[in-house]
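Number of protein chains: 2
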Amino acid sequence: MSDERPRVVIVGGGFGGLYAARALARAKVHVTLLDRKNHHTFQPLLYQVATAGLNPADIAAPIRRILRHQDNVTVLLAEASAIDVAGRRVILRDGDPVPYDQLILATGATHSYFGHPEWAAVAPGLKTIEDALEVRKRIFFAFEAAERAEDRAVHREWLTFVVIGGGATGVELAGTLAEIARKTLARDFRRIDPREARIILIEAAESLLGAYVPELREKAREQLVRLGVEVRLGTMVTGVDEHGVLLGPQPGERLAARTVLWAAGVAASPLVRSLGVPLDRAGRVQVEPDLTIPGHPEIHVVGDTATLLQNGAPIPGVARAAIDGGRYAAADLLRALRGEPRPPFQFHNPGMLATIGRGAAIADFGRLKLSGFVAWAAWLLIHILFLIGFRNRFAVVLEWAVAYLTYDRGARLITGTLPEATTAPEVAAPARRGAPQDGARPATVSPNAPRDGD
Amino acid sequence: MSDERPRVVIVGGGFGGLYAARALARAKVHVTLLDRKNHHTFQPLLYQVATAGLNPADIAAPIRRILRHQDNVTVLLAEASAIDVAGRRVILRDGDPVPYDQLILATGATHSYFGHPEWAAVAPGLKTIEDALEVRKRIFFAFEAAERAEDRAVHREWLTFVVIGGGATGVELAGTLAEIARKTLARDFRRIDPREARIILIEAAESLLGAYVPELREKAREQLVRLGVEVRLGTMVTGVDEHGVLLGPQPGERLAARTVLWAAGVAASPLVRSLGVPLDRAGRVQVEPDLTIPGHPEIHVVGDTATLLQNGAPIPGVARAAIDGGRYAAADLLRALRGEPRPPFQFHNPGMLATIGRGAAIADFGRLKLSGFVAWAAWLLIHILFLIGFRNRFAVVLEWAVAYLTYDRGARLITGTLPEATTAPEVAAPARRGAPQDGARPATVSPNAPRDGD
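Chains A and B, in that order, are what the protein sequence lines are. Per our numbering, the first sequence starts with residue 1, numbered consecutively. Per our numbering, the second sequence starts with residue 1001, numbered consecutively.
Calculated directly from the structure, the hints in this document are not laboratory data. It is possible that part of the hints are untrue.
Stated by the list, open to error - Residues of chain A clear of chain B, computed beta-carbon distances all greater than 10 Å:
no., residue
1, Asn-38
2, Ala-60
3, Phe-189
4, Ser-269
Said to hold, decoys possible - If you want the footprint, here are the derived chain B segments under chain A, 3+ residues with CB under 8 Å:
no., stretch
5, 1052-1059
6, 1126-1138
7, 1141-1149
8, 1216-1228
9, 1304-1315
Remember, predicted model here, so these are calculated numbers, not experimental data. Ideal Cβ positions, reconstructed from N, Cα and C, are used throughout, including at glycine.
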């Protein structure tokens, strides 16, 4: 190898960046992949971490481990703060420049609170492992706080969960929350009945999962209602605070709820603003048909960071589109380096799936449209296959098998700082009380216990 | 059931508190178990979480889930701040009182920095899941920072790990760190060779693992050295800061290291100070032979929170002693309620095991003393059996089997806030560079990839 090889810099280790790097495995280039996290996150299953069905490490793997055998790749844990387009350099947050000959931007999307950044603290979204752990903490802490609350109104606020946004993430979260309340936690408390929890899914449009055909959207709504979710369509959110959600338009209805989860808006990562090219309303780069930016054929933008119309419709912001975009960008820049003709990117959507809950999903494979258990089985199979490359595939299957048989969710840990301030005033003493809710059932825990010499 | 049943309050859901609650399963009492965490933590395996071998949920389970079938137990997520001995009430942090007829204190131990609380921020210890995730972040971030550092001295500081304290935790951490550097990460980096990492274990006494017989202590030292750990015995630490450790006594030698882990001192939880009874130097309650405090036969103190001489030696601070103490306290308070005679607590130590690394351990079962692979196999077997009651037992076995065969550690996630300030000045640009360290090896990653429709 020689120092004269072209330098390819990839920003972002999500689906787009990772598959671009893989597609360069045999190319005579130096690849540097930058990410501000050390791990790739399998975002389609983040909601399972948020709802304690899976561990963080089940759906996330160190990027350098995934690429360990690819000698032409250097992985760096670093955050890019700007692109110096004229100087062909990525500027890191700490000021260091990373020069490139070819650049692939795959920085993904973040939450958008529609001009209300103050909602972020009250209604966390779900894009990173940290987000998922925050949501997990809030969900399970809410039941704990309800168990301690004596005031009936406060109690009800803790047992009311509002999910804002009826896309895939919102539907998954609401459906799984219903399962947690109705099944997983049903017998774990003494003073509250988790089955009384209200789960409310709010969507501004007149249907859920707008990317699907009307028939499947309606199936999804029916399945959610069957799981116990209250679905509010055509409903705007005009305010969010620690005690609930204000619905609009005027005059507003108020939903009293201590747990509000955000699954409504996404925006492209702000890094691309430094490119100086047109962005759409969500901050995405309006790329050329070859995924490059105008006037700079050495810069590709892929995945959720870009937007492109194809056959009159935007390419959807799904994992498959990011993967195909990343691979195309890798192949395209190699063609550019060799001076070959560069055909435009063509995205072939193999189908869409959205899961709703245990045994409930919808799927659209073109002529084949499924819902219910069959769609869910397809969803499960595809996601297990998709985890190839992650060492935890078998552990994940095992976790799911156990969870399916028992309704249990093993990762129900509340870690980090607890939201103490919000509980203190209403907490009451666990004083002498009457019999538990089902005092007639005999205790079944064996007094036997394992041993240890440590 | 009637409201006249005695109220038993247990503070702490560790081994002592949990087994006390279980031992009361069939008793006609109301049990309230308070813990400031929602989960029981299997502390003997915390170091595996800190070193990415296991997931948090593999070794921690919600307390209310463990006790879900025990109808006479109410579990509350709450922090006790004081004991009102005269009024027979536990005072919670938010001011609420929890009245009791019988009290079991099982609040465990925390770190002690020997009068240097400022060391805590630089040298985290290992008592909680949060601690373990902090240690994990620091270990794996250090290798990332070394990969980015150009300055040779800074590079070396990031690749130097100091573990302070040669007890069981320190030995486990040092041995596993050596395995991570020499095996797990050996091929994952391009600019550094993780095998060059120094792991230094510092112990003030003249031998490691003081609770064992001299022959086994020496075996442990030999095994650690074979794994690549530098063992410094008879060495005092007189200073700790972000850039290393000062050794004493005067004149001090300085070890330049960016990662310092604390496994030296423990102190009983400060809650027991409010009891107004004599404490030992480590803040533990000097209990009566029946584990109660002087003058208050209704208050038992068990596990690491108490200290008691038996046959001239203190009962060791191990899981088994906490379990036996918790069970004894439960049985003893029932005898007190029935007015029966109360025999003193007798701890029968079945043996001791300390693990050092892969295939390396020592074990003392009285006449039978083991070291090396056999001791390690015994340690592994006992800990797997011990995980009974945790649903993740099989997942844990699977994780370990995979880790053993591949040297891989799947939970190598760096989550939370990165220590950016310490890296910025020394980070260099990943500019055009020569061939990777082993450029002759062909890339083996298949360009094939799984599919998804999500």
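Structure-inconsistent hints, enumerated in ascending order: Result: hints 1, 2, 3, 8, 9 break, sorted rising.
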